[in-house]
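Participant: Now for the letters of each chain:
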Amino acid sequence: MRQAIVTKTPVILKDFTKGLWQENPVFRLLIGMCPTLAVTSQAQNGLAMGLATSFTLIASSIVVSIFRKLIPKEVRIPSYILIIATFVTIVSLYLQAKFPDISKNLGPYIPLIIVNCLILGRQEVFASKNPTHRAAADALGMGLGFTISLAALGMVRELLGSGTIFSFKVLGDGFRPWIIMLTPPGAFLSLGLMLGMINIIDRFLKTKKGFFPKFDAKKGRT
Amino acid sequence: MRKGLKITLTLTLIAVLSGAILAEVYKVTIEDIKVNQKKEIEKAIFSVLPGTKEYKKEARGTRELFKCFDDKAELRGIAFVAEGIGYQDIIKVVVGVDSGLSKITGIRVIAHNETPGLGAKISEGWFEEQFKGLSAAIKLDLVKGKPDKENQIQAITGATISSQALVDIINKEVKDIKKYEAGNCD
Amino acid sequence: MIRELVLVFVAAVLVNNFVLKYFLGICPFLGVSDNLHSAVSMGFATTFVMSITAPVAWCIKHFVLDKLGLPFLEYVCFIIVIASLVQFVEMVIKKFYPALHQAMGIYLPLITTNCAILFMALQLVLREYSLLRSIVFGFGSGLGFTLAITIMAGIREEIEFCDVPRCLKGPGITLIIAGLLALIFVGLGGLIKVN
Numbered sequence: 000m001r002q003a004i005v006t007k008t009p010v011i012l013k014d015f016t017k018g019l020w021q022e023n024p025v026f027r028l029l030i031g032m033c034p035t036l037a038v039t040s041q042a043q044n045g046l047a048m049g050l051a052t053s054f055t056l057i058a059s060s061i062v063v064s065i066f067r068k069l070i071p072k073e074v075r076i077p078s079y080i081l082i083i084a085t086f087v088t089i090v091s092l093y094l095q096a097k098f099p100d101i102s103k104n105l106g107p108y109i110p111l112i113i114v115n116c117l118i119l120g121r122q123e124v125f126a127s128k129n130p131t132h133r134a135a136a137d138a139l140g141m142g143l144g145f146t147i148s149l150a151a152l153g154m155v156r157e158l159l160g161s162g163t164i165f166s167f168k169v170l171g172d173g174f175r176p177w178i179i180m181l182t183p184p185g186a187f188l189s190l191g192l193m194l195g196m197i198n199i200i201d202r203f204l205k206t207k208k209g210f211f212p213k214f215d216a217k218k219g220r221t
Numbered sequence: 000m001r002k003g004l005k006i007t008l009t010l011t012l013i014a015v016l017s018g019a020i021l022a023e024v025y026k027v028t029i030e031d032i033k034v035n036q037k038k039e040i041e042k043a044i045f046s047v048l049p050g051t052k053e054y055k056k057e058a059r060g061t062r063e064l065f066k067c068f069d070d071k072a073e074l075r076g077i078a079f080v081a082e083g084i085g086y087q088d089i090i091k092v093v094v095g096v097d098s099g100l101s102k103i104t105g106i107r108v109i110a111h112n113e114t115p116g117l118g119a120k121i122s123e124g125w126f127e128e129q130f131k132g133l134s135a136a137i138k139l140d141l142v143k144g145k146p147d148k149e150n151q152i153q154a155i156t157g158a159t160i161s162s163q164a165l166v167d168i169i170n171k172e173v174k175d176i177k178k179y180e181a182g183n184c185d
Numbered sequence: 000m001i002r003e004l005v006l007v008f009v010a011a012v013l014v015n016n017f018v019l020k021y022f023l024g025i026c027p028f029l030g031v032s033d034n035l036h037s038a039v040s041m042g043f044a045t046t047f048v049m050s051i052t053a054p055v056a057w058c059i060k061h062f063v064l065d066k067l068g069l070p071f072l073e074y075v076c077f078i079i080v081i082a083s084l085v086q087f088v089e090m091v092i093k094k095f096y097p098a099l100h101q102a103m104g105i106y107l108p109l110i111t112t113n114c115a116i117l118f119m120a121l122q123l124v125l126r127e128y129s130l131l132r133s134i135v136f137g138f139g140s141g142l143g144f145t146l147a148i149t150i151m152a153g154i155r156e157e158i159e160f161c162d163v164p165r166c167l168k169g170p171g172i173t174l175i176i177a178g179l180l181a182l183i184f185v186g187l188g189g190l191i192k193v194n
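Line order of the protein sequences matches chains A, B and C. Counting from 0, one number per residue, gives the positions in the first sequence under numbering that gives the first Met the number 0. Counting from 0, one number per residue, gives the positions in the second sequence under numbering that gives the first Met the number 0. Counting from 0, one number per residue, gives the positions in the third sequence under numbering that gives the first Met the number 0.
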């Protein structure tokens with residue numbers, strides 16, 4: 000307990016930052032892939048999906064961590080799913096009421112946030128075992144990492160697929176859009192290539208600068 | 000036994016709480032959601048029948064049609080929602096015809112799931128614009144390249160199936176609406 | 000009537016393949032496709048659960064939610080149904096077909112978080128399918144998933160001995176293969192004609 004107080008700030012900071020790169024949900028842990036691929040034909044949709052998922056993740060993490068001692072072990076998964084489904088319905092109703100356009104664009108993928116393995120996984124691995132402030136920091140970091148990844152993938156696909164980023168024209172009239180980037184095959188291909196790129200950058204960081212030596216030594220990532 | 004009771008209680012409690020919270024949220028948001036849905040159709044109606052000030056909803060079989068009136072309360076035309084299968088999924092389009100049912104005054108695609116960048120162009124302004132002012136008396140024809148005869152629509156390059164689907168839907172539903180209106184008047 | 004059902008079926012299996020068109024069930028698609036046997040087991044387990052979920056979801060929507068005017072409980076109800084069904088199926092299989100349970104036991108709990116199933120349940124409501132159509136749709140979607148994951152596993156077993164660039168090893172190359180598969184399935188789009 001004493002130790003926890005002494006190292007409180009750095010622990011929280013680490014809980015937060017690990018979702019951004021080392022344990023980035025999309026590029027490193029490869030979870031929550033369905034929405035990642037489905038809604039990123041435009042950067043704006045990726046961002047909106049990321050934010051909706053983050054909200055659900057943060058809210059459920061806080062609730063689960065507050066009640067972590069009251070929920071019986073045997074029914075923890077159904078309980079988490081119930082809590083998550085409640086928040087997703089709230090998000091869905093809110094978007095339909097206030098942002099009908101976004102709601103229409105994301106369409107059937109909003110309810111699928113319920114079964115996003117990222118959210119359930121975080122409850123099971125982290126929120127159910129840690130105090131509320133740490134759970135919140137973890138959820139915030141993971142949510143942010145997820146949102147950034149979706150927006151990044153969306154930007155790449157939108158740039159190559161329609162020559163725009165966030166609907167602003169970036170590439171001139173001479174550019175012929177690669178329509179395939181907007182279609183399902185393009186989604187798979189661009190995510191696959193981006194994973195490759197991230198791996199190269201990661202290896203570069205590890206060997207040249209040694210950014211995260213401690214983490215790697217401990218975990219021994221494959 | 001006690002364990003079983005605790006499990007049941009926890010799950011019931013969560014379910015009841017979740018139901019109660021959702022009921023409240025639903026109550027707060029439902030008004031806005033309804034307004035939004037209405038607005039979407041309304042926007043489409045006003046764009047396919049410019050000059051409309053007021054409209055009256057009428058049931059037509061299982062579907063609906065909208066009688067549109069201008070500011071002098073004169074009938075300007077009829078707008079209706081047409082739907083059919085496109086290349087991959089259902090296309091929904093609002094079609095406007097003038098009061099004599101002789102001309103198409105405009106169309107607006109409100110829902111589709113066509114290939115982005117190809118078939119999805121059916122909802123772009125230039126494609127919808129082509130339908131404006133065409134005759135509702137004879138069938139619309141889809142052609143590749145520039146139209147050179149009356150009532151021809153230029154297909155979207157690389158998306159002939161989606162274009163054809165939309166033209167077919169409109170042809171069919173315009174015929175239906177004429178039949179329906181004729182039956183109504185007699 | 001039969002023609003319509005066939006259309007729904009072909010659309011669900013090939014044209015609108017859940018994995019390659021709607022990106023559903025990507026987690027098992029990437030995770031369980033490294034071995035042909037487990038891929039097929041996973042596929043059939045999912046198909047089984049989907050075929051049961053479809054009529055149950057339809058009944059809940061029409062006989063409970065609509066009757067009581069509780070549309071906002073749709074997500075919560077469907078996910079509970081799916082989770083309970085998966086649990087139920089697991090228990091039944093364990094009791095009566097222990098061999099089968101051994102073969103696909105570890106995959107069964109995973110099915111709950113397969114978004115393909117929830118999506119299927121929500122879609123049959125959204126598209127206002129009849130009960131019969133819903134069943135065909137559920138079964139077809141499951142078969143489509145099985146087809147995709149089986150093809151993928153077959154390719155991945157072959158590629159194990161290939162010289163893949165180091166940075167693309169594992170998920171990277173799998174996604175690129177999925178992209179090429181999706182491209183093939185795009186070609187099937189014209190199977191269903193407008194009429």
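Honestly, I wouldn't trust all of these hints.
What the hints assert, rightly or not - Derived EDC-like pairs (lysine to aspartate or glutamate); straight-line CA-CA distance at most 20 angstroms:
#1 Lys56/B <-> Asp167/B
#2 Lys37/B <-> Asp100/A
#3 Lys42/B <-> Asp69/B
#4 Lys168/C <-> Asp100/A
#5 Lys42/B <-> Glu63/B
#6 Lys97/A <-> Asp31/B
#7 Lys103/A <-> Glu157/C
#8 Lys91/B <-> Asp100/A
#9 Lys103/A <-> Glu3/C
#10 Lys128/A <-> Asp172/A
#11 Lys120/B <-> Asp100/A
#12 Lys33/B <-> Asp162/C
#13 Lys26/B <-> Glu157/C
#14 Lys103/A <-> Asp175/B
#15 Lys103/A <-> Glu30/B
#16 Lys91/B <-> Glu127/C
#17 Lys33/B <-> Asp100/A
#18 Lys5/B <-> Glu22/A
#19 Lys103/A <-> Asp69/B
#20 Lys120/B <-> Asp172/A
#21 Lys97/A <-> Glu123/B
#22 Lys93/C <-> Asp172/A
#23 Lys103/A <-> Asp31/B
#24 Lys42/B <-> Asp172/A
#25 Lys103/A <-> Glu123/B
Stated by the list, open to error - Here are some, though not all, of the chain B residues that point toward chain A, as calculated from beta-carbon distances under 10 angstroms:
#26 Leu16
#27 Ile32
#28 Leu141
#29 Ile152
Please keep in mind that the hints were generated in silico from the structure rather than gathered at the bench. Remember, predicted model here, so these are calculated numbers, not experimental data. Idealized CB from N, CA, C, for every residue including glycine.
Participant: All hints are to be evaluated individually against the structure, with a verdict given for each.
Facilitator: Verification of the hints:
A threshold of 20 angstroms between alpha carbons decides the hint, and for lysine 56/B with aspartate 167/B the separation of about 25 angstroms lies outside it, so the pair is violated. Proposed proximity of lysine 37/B and aspartate 100/A is supported: the alpha carbons are some 14 angstroms apart, at most 20 angstroms. Between lysine 42/B and aspartate 69/B, the direct Cα distance comes to roughly 15 angstroms. Compliance with the 20 angstroms bound is thereby established for this hinted pair. Restraint check: the Cα-Cα separation between lysine 168/C and aspartate 100/A comes to about 39 angstroms, which exceeds 20 angstroms; the hinted pair is violated.
Of the supplied pair hints, the one linking lysine 42/B and glutamate 63/B holds, its CA atoms being roughly 16 angstroms apart against a limit of 20 angstroms. Distance hint between lysine 97/A and aspartate 31/B is fulfilled; the C-alpha atoms sit about 7 angstroms from each other, no more than 20 angstroms. Proposed proximity of lysine 103/A and glutamate 157/C is contradicted: the alpha carbons are some 41 angstroms apart, above 20 angstroms. For the given pair, lysine 91/B sits about 17 angstroms from aspartate 100/A by alpha-carbon distance, which is consistent with the 20 angstroms threshold.
Of the supplied pair hints, the one linking lysine 103/A and glutamate 3/C is violated, its CA atoms being roughly 28 angstroms apart against a limit of 20 angstroms. This hinted pair does not check out: lysine 128/A and aspartate 172/A have alpha carbons roughly 54 angstroms apart, beyond 20 angstroms. Annotation: proposed proximity of lysine 120/B to aspartate 100/A holds, straight-line Cα distance about 18 angstroms (limit 20 angstroms). For the hint pairing lysine 33/B with aspartate 162/C, the CA-to-CA distance comes to about 57 angstroms; that exceeds 20 angstroms, so the pair is violated.
A distance of roughly 56 angstroms separates the Cα atoms of lysine 26/B and glutamate 157/C; the hinted pair therefore is violated under the 20 angstroms criterion. In summary, the hint linking lysine 103/A to aspartate 175/B is not supported, as the alpha carbons are separated by about 29 angstroms, beyond the 20 angstroms threshold. Among the hinted pairs, lysine 103/A with glutamate 30/B is consistent with the structure: their alpha-carbon atoms are about 17 angstroms apart, no more than 20 angstroms. Taking the CA atoms of lysine 91/B and glutamate 127/C, the gap is about 15 angstroms. The hint holds against a cut of 20 angstroms.
A hinted pair counts as satisfied when its Cα atoms are at most 20 angstroms apart, and lysine 33/B with aspartate 100/A qualifies at roughly 14 angstroms. A hinted pair counts as satisfied when its Cα atoms are at most 20 angstroms apart, and lysine 5/B with glutamate 22/A does not qualify at roughly 36 angstroms. With a C-alpha separation of about 31 angstroms, the suggested pairing of lysine 103/A with aspartate 69/B is violated against the 20 angstroms cut-off. Under the criterion of a C-alpha separation no larger than 20 angstroms, the hint pairing lysine 120/B with aspartate 172/A is consistent with the structure, at around 18 angstroms.
At roughly 25 angstroms between alpha-carbon atoms, lysine 97/A and glutamate 123/B are farther apart than 20 angstroms, so this suggested pair is violated. For the hint pairing lysine 93/C with aspartate 172/A, the CA-to-CA distance comes to about 62 angstroms; that exceeds 20 angstroms, so the pair is violated. The suggested pairing of lysine 103/A with aspartate 31/B holds, with an alpha-carbon distance near 15 angstroms, which does not exceed 20 angstroms. At most 20 angstroms may separate the alpha-carbon atoms for a hinted pair to count; lysine 42/B and aspartate 172/A exceed this at roughly 31 angstroms.
At roughly 17 angstroms between alpha-carbon atoms, lysine 103/A and glutamate 123/B fall within 20 angstroms of each other, so this suggested pair holds. Hint status for leucine 16/B relative to chain A: holds, with the closest Cβ pair at about 8 angstroms, below 10 angstroms. Taking 10 angstroms as the C-beta contact cut-off toward chain A, the hint placing isoleucine 32/B at the interface holds, the least distance being around 5 angstroms. Because the closest C-beta pair between leucine 141/B and chain A is about 21 angstroms apart, greater than 10 angstroms, the hint is violated.
Residue-level restraint check for isoleucine 152/B is violated (minimum Cβ-Cβ distance to chain A is 22 angstroms; threshold 10 angstroms).
Comparing the model with each numbered hint stated earlier shows that hints 1, 4, 7, 9, 10, 12, 13, 14, 18, 19, 21, 22, 24, 28 and 29 do not hold.
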